[in-house]
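Residue numbers (the numbering used here), protein chains in the order written: chain A, 1 to 328; chain B, 1 to 774.
None of these hints come from the bench; they were simulated from the model. Don't take each hint at face value.
[Stated by the list, open to error] Restricting the straight-line Cα-Cα distance to at most 27 angstroms, the calculated cross-link-like pairs of lysine-lysine (DSSO-like) are:
id, chain 1, residue 1, chain 2, residue 2
1, B, K402, B, K162
2, A, K84, B, K436
3, A, K39, B, K67
4, B, K424, B, K410
5, B, K67, B, K82
6, B, K547, B, K537
7, B, K765, A, K302
8, A, K13, A, K182
9, A, K39, A, K23
10, B, K163, B, K92
11, A, K23, B, K67
12, B, K436, A, K226
[Claimed, not checked] Chain B residues, not near chain A, derived (Cβ > 10 angstroms throughout):
id, residue
13, G208
14, L508
15, K604
16, G753
Even for Gly, the Cβ is constructed at its ideal location relative to N, Cα and C.
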Amino acid sequence: MNNFSYIQADKAKEATAAKRDDKSAAFIAGGTTLLDLMKLNVENHGQLIDVNMLPFRGIEMTKDGLRIGALERMSEVGAHPLVKENFPAVSESLLLAASAQLRNMASIGGNVLQRTRCGYFRDTAFPCNKREPGTGCPALEGDNRNLAILGTSETCIATSYPGDLAVALIALDAVLTLENAKGKQRQVPITKFYLLPGTTPQRETVLEADELIVAVTIPQTAAARKSKYLKVRDRSSYAYALVSAAVGLEVQGGTVRAARVALGAVGAQPWRCFEVEKALVGQPATEATFRAAAELALRGAKPREHNAYKIEMAKNTLVRALSEVASV
Amino acid sequence: METNQKENAPTNVVGKPLDRVDGPAKVTGAARYSAEISVPGTVHGVLKTSTIAKGRITGIDTSRAAKEPGILNIFTHENLPKPAKTPKQIEKWRAAQSYLPMQDNQIQYAGQPVALVVATTLEAATQAAALIRVTYQAETPIDSYHDPKAELFDPQKIQQGKKDGHVVRGNPQQAYNGAAVKHEATYVHAINHHSPMEPAATLAVWEGADKLTVYEASQNVTMHQGNLAELLGMPREQIRVVTKYIGGGFGCKGSFWPHTILTVLAARAVNRPVKLALTRQQMFTGVGHREDQEQTLKMGATAEGKLVSIVHTKKATTSPWDNYTESNGKVMDMLYACENYSTVYELARANVMTSVWMRAPGEAPGSFALESSMDDLANQLNLDPLEIRLRNYADYDHSNGKPWSSKSLKQCYTRGAELFGWSKRNPKPGQTRRGKLLVGHGMASATYPVHSSQGTARVRLFADGHAVVEAGATDLGTGTYTVMTQVSADALGLPPEKIRFELGDTRLPTAPGSGGSVAAGTVASSIMAAAEDVWDKVVKMAVADKKSPLYKAKPTDVKVELGRMFLSKDPKKGETLLAALGRSGQPDIEGSGTGKYGAGYEEKNFGQNGANQNDDKQKPGGHSMHSFGAHFCEVEVDPDLGTIRVTRWVGVHGAGTVLNLKTATSQMTGGAIYGIGAALMEDTFRDPNFARYTNADLAGYHVPVNADIPNIQVEFVPETDPYINYLGVKGIGELGMVGVAAAVANAVFNATGRRLRSLPMTPDKVLEALRLPA
Ligand SMILES: Cc1cc2nc3c(=O)[nH]c(=O)nc-3n(C[C@H](O)[C@H](O)[C@H](O)COP(=O)(O)OP(=O)(O)OC[C@H]3O[C@@H](n4cnc5c(N)ncnc54)[C@H](O)[C@@H]3O)c2cc1C
Ligand code: SF4
Numbered sequence: 001m002n003n004f005s006y007i008q009a010d011k012a013k014e015a016t017a018a019k020r021d022d023k024s025a026a027f028i029a030g031g032t033t034l035l036d037l038m039k040l041n042v043e044n045h046g047q048l049i050d051v052n053m054l055p056f057r058g059i060e061m062t063k064d065g066l067r068i069g070a071l072e073r074m075s076e077v078g079a080h081p082l083v084k085e086n087f088p089a090v091s092e093s094l095l096l097a098a099s100a101q102l103r104n105m106a107s108i109g110g111n112v113l114q115r116t117r118c119g120y121f122r123d124t125a126f127p128c129n130k131r132e133p134g135t136g137c138p139a140l141e142g143d144n145r146n147l148a149i150l151g152t153s154e155t156c157i158a159t160s161y162p163g164d165l166a167v168a169l170i171a172l173d174a175v176l177t178l179e180n181a182k183g184k185q186r187q188v189p190i191t192k193f194y195l196l197p198g199t200t201p202q203r204e205t206v207l208e209a210d211e212l213i214v215a216v217t218i219p220q221t222a223a224a225r226k227s228k229y230l231k232v233r234d235r236s237s238y239a240y241a242l243v244s245a246a247v248g249l250e251v252q253g254g255t256v257r258a259a260r261v262a263l264g265a266v267g268a269q270p271w272r273c274f275e276v277e278k279a280l281v282g283q284p285a286t287e288a289t290f291r292a293a294a295e296l297a298l299r300g301a302k303p304r305e306h307n308a309y310k311i312e313m314a315k316n317t318l319v320r321a322l323s324e325v326a327s328v
Numbered sequence: 001m002e003t004n005q006k007e008n009a010p011t012n013v014v015g016k017p018l019d020r021v022d023g024p025a026k027v028t029g030a031a032r033y034s035a036e037i038s039v040p041g042t043v044h045g046v047l048k049t050s051t052i053a054k055g056r057i058t059g060i061d062t063s064r065a066a067k068e069p070g071i072l073n074i075f076t077h078e079n080l081p082k083p084a085k086t087p088k089q090i091e092k093w094r095a096a097q098s099y100l101p102m103q104d105n106q107i108q109y110a111g112q113p114v115a116l117v118v119a120t121t122l123e124a125a126t127q128a129a130a131l132i133r134v135t136y137q138a139e140t141p142i143d144s145y146h147d148p149k150a151e152l153f154d155p156q157k158i159q160q161g162k163k164d165g166h167v168v169r170g171n172p173q174q175a176y177n178g179a180a181v182k183h184e185a186t187y188v189h190a191i192n193h194h195s196p197m198e199p200a201a202t203l204a205v206w207e208g209a210d211k212l213t214v215y216e217a218s219q220n221v222t223m224h225q226g227n228l229a230e231l232l233g234m235p236r237e238q239i240r241v242v243t244k245y246i247g248g249g250f251g252c253k254g255s256f257w258p259h260t261i262l263t264v265l266a267a268r269a270v271n272r273p274v275k276l277a278l279t280r281q282q283m284f285t286g287v288g289h290r291e292d293q294e295q296t297l298k299m300g301a302t303a304e305g306k307l308v309s310i311v312h313t314k315k316a317t318t319s320p321w322d323n324y325t326e327s328n329g330k331v332m333d334m335l336y337a338c339e340n341y342s343t344v345y346e347l348a349r350a351n352v353m354t355s356v357w358m359r360a361p362g363e364a365p366g367s368f369a370l371e372s373s374m375d376d377l378a379n380q381l382n383l384d385p386l387e388i389r390l391r392n393y394a395d396y397d398h399s400n401g402k403p404w405s406s407k408s409l410k411q412c413y414t415r416g417a418e419l420f421g422w423s424k425r426n427p428k429p430g431q432t433r434r435g436k437l438l439v440g441h442g443m444a445s446a447t448y449p450v451h452s453s454q455g456t457a458r459v460r461l462f463a464d465g466h467a468v469v470e471a472g473a474t475d476l477g478t479g480t481y482t483v484m485t486q487v488s489a490d491a492l493g494l495p496p497e498k499i500r501f502e503l504g505d506t507r508l509p510t511a512p513g514s515g516g517s518v519a520a521g522t523v524a525s526s527i528m529a530a531a532e533d534v535w536d537k538v539v540k541m542a543v544a545d546k547k548s549p550l551y552k553a554k555p556t557d558v559k560v561e562l563g564r565m566f567l568s569k570d571p572k573k574g575e576t577l578l579a580a581l582g583r584s585g586q587p588d589i590e591g592s593g594t595g596k597y598g599a600g601y602e603e604k605n606f607g608q609n610g611a612n613q614n615d616d617k618q619k620p621g622g623h624s625m626h627s628f629g630a631h632f633c634e635v636e637v638d639p640d641l642g643t644i645r646v647t648r649w650v651g652v653h654g655a656g657t658v659l660n661l662k663t664a665t666s667q668m669t670g671g672a673i674y675g676i677g678a679a680l681m682e683d684t685f686r687d688p689n690f691a692r693y694t695n696a697d698l699a700g701y702h703v704p705v706n707a708d709i710p711n712i713q714v715e716f717v718p719e720t721d722p723y724i725n726y727l728g729v730k731g732i733g734e735l736g737m738v739g740v741a742a743a744v745a746n747a748v749f750n751a752t753g754r755r756l757r758s759l760p761m762t763p764d765k766v767l768e769a770l771r772l773p774a
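Required output: the full structure, derived from the provided sequences and hints.
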């Protein structure tokens, strides 16, 4: 870890201006991603701008849906009654993530911006296009067991966001509120927030250098109320997903009226399955329907030596999750 | 007087589930682990390690690093003082790896130390290490025995010539060819890392040029002292190694690794105490690992399921210099009655550091192969897995023809089956469901040898009723402090809180380290020998003391039990050691002794003085000595998601005298957990192109979490073994892990009808197996 200076921002403007003026600066919330990567010398920041004093707090129902302040902690949000009741998939995605200690530190804004767990990215001894553009991608012929099969490029096959929360947020059409150094706010649907690697895997989101995440808002829907997050992993807790699914269904009289489907840990970014949703609507809520829909979700998957298993696992995970929310 | 004494007399505490005597020190933080110790003037060392796995260093630029505040020195191969001898020049090198880095510009494995920064703070040293720029001329490395560039060779001898690389008994190939029932399979074991909670750490403190104290995270202080003495060209006596507490080792702290010697050399050069702890990432390339390996096992049996042949070969990766590989064959050689047996090792040199013993080295992967194949054979023959094991029960050790000193495996099978409810198991695979999950039950045997060992101890009994007992052993965190306190308490007739047991220091009487499961049996025997010395001395005082009830008795007529001396023929006549010592006016009395574990003990006590010369069992080395056990488990397999959950575990073991039921149960429970880790999740990935690990931290290298572990029920069957040591103690550190992976795999087979032969059995492998026809 390199030496750095540290400031604590009391106002959003202070933080965003400081970030605008110093290219080497980074915001720090819980620090569970940031300090980890700094200790590995994967990220080297000259200045840390502590945003924890900013008023980006609160979990409240608004006309647009549930608004969660970006600095709320994973553990608090996961356990909040409004979240559990209206967005079970969000609650589950939070409580199945990381460890209790990490969840107590980690913020919602930081979570959405966590970085890949690709082993080559995290070890500066290796080349890596995401960390050092143009150096190559050893994962193509190496340890790709936990990397992506959808939305990848020859430049990078990482699951750029390896976590859980954003998968649920993407499924449920959450919207991020961002604010820049001019004090201007904009709303970005999280489905448009993440970028695919293409030839620039170092660019991961549409967030501008001087922008802060202020809050995330999740619209209230029937499908969100009947949602679920299912996570498959190598051990029973404290592990990243091999595959995960966030689904929500609105079923009336045995027929699917609305569906929300996203996959985690299979896409270069959290993977919303619009086609699957379309295929589900109007169909009987049966396992056969879900099975057929799951086939669609993985169309075009491009597996590598060690991650072909994800195709079948993802399909089965989807079917299981959909069956469980539909209680079939 | 007599009644009074009885009331005060302590009850026997050996075997009782006494709480850990070091518990309070540990939970309050008073216990200092090696990296937590500081002496005045301590400065910090940080290693910089190689990014490439093969090649040479072409340049090291330390100019930016040197500008950091507080840098005392930056050592590289160019300026590190040379040790007096290299490991290669040492005849009795007692460590797995013979290669010492930073002696020249060569790079032989990724993660090899290339520089050592010494600075006044850890932060400055860490930052400076990051700022050093090393340039390399890289060559293409060999990553493992899988590598097409790798050449397999027959090492003849393994483990630095200490063990045979070939073992043949009878005519195994011929017997296999002629067998009524045949089974052949290949088993793969991933690279595993010990991953103890406490990192490896060294604090080197020089007093002048010829006196050195090293606070080391060591499972064996004597071994560290001996190697250091040779390397530095110093007399052993000038070197003190201290290890008071260890936060887990599992074998990786029982060998001698580069960081220790580099720290010691640097400390002498900067003339300050230097402390160095490996980072978690460095733990993956600093202290060895369990090697990647593949075993092919051919087993032939009669139509009744009696084994006629076992043909075993093992392929594994080893380092460029050493022929270390676990001897998996040991367990195949003796677990069952089989006349024809062979094992052959084939190794391939790759650019990796030398692997090293890891809990149940050889027995753990070996038993995975053997006990999985036994399960298959049982299935092939339509026999219950327990029944096939009983049909092949070895009434003597077929590897050497000797009778067992004791063996309770049958009792373990019976009791385990009863506790588990084995008879209710559905023998047909794939039949039992719990909702969407497939349920299966499996079992496997466990065994671990008694390795001969010996050690010394000192006992000082004080007239005021307390005692100090000392042996230079170590406590991995498993309970040495506690059980030796119990042994000492009974030997002297004192309550445990009146005993202070000291270990972990080369100034104390020499004792074995914690490895090979020898510590408890050896140190307990040493303490008993030292206590006997005290008894003899006090008995002599008593018989010469008019005030003693034993006045004028013949010392040979006096017995001592629980601290009380009495006439063998008239037990009422006697007094306590303390009473006699108190009258003598002497403040204390000291005794010392040597205790033996295994063959040496047997030789001393059963092979002399013509006692029962006709009895084969009474001849020196007459017995084969092993502990045995049986595991039973239940798993739930999710056939859609591929996940395996262990939902029930029963382990029943015969391991001689149990010194402390609580710590012993914890050890066996820990063994099962360690085995479940290897079975289901532990896997270090070495990149085939870079020969470098890609998941070298505890987020990437999965060890079990609480949620992975079911309620584990452990029992010991009563077992008396007069031949192995004074108290009849058998080691239990490794036994509990042997057979665990096979028990899980056998349960998975019972659940799914699919046999998984590659560890760990992760969800991807389960799904793949389920895709294939049963
Ligand atoms: C061992 C381990 C296991 C884990 N397992 C999981 C898991 O299973 N599932 C899972 O989902 N996650 C997991 N995580 C990731 C964890 O959830 C994230 O590290 C955490 O959510 C990040 O939040 P933070 O507040 O600590 O972010 P920080 O580390 O403080 O920041 C992360 C990034 O976000 C930026 N940032 C933070 N807040 C804002 C803001 N308001 N506006 C703009 N930028 C901001 C920072 O500059 C930084 O770049 C794990 C992490 C670890 C270390
Ligand atoms: S997959 Fe992406 S993150 Fe991983 S090595 Fe390749 S470029 Fe780097």
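Non-conforming hints, listed in increasing numerical order | none
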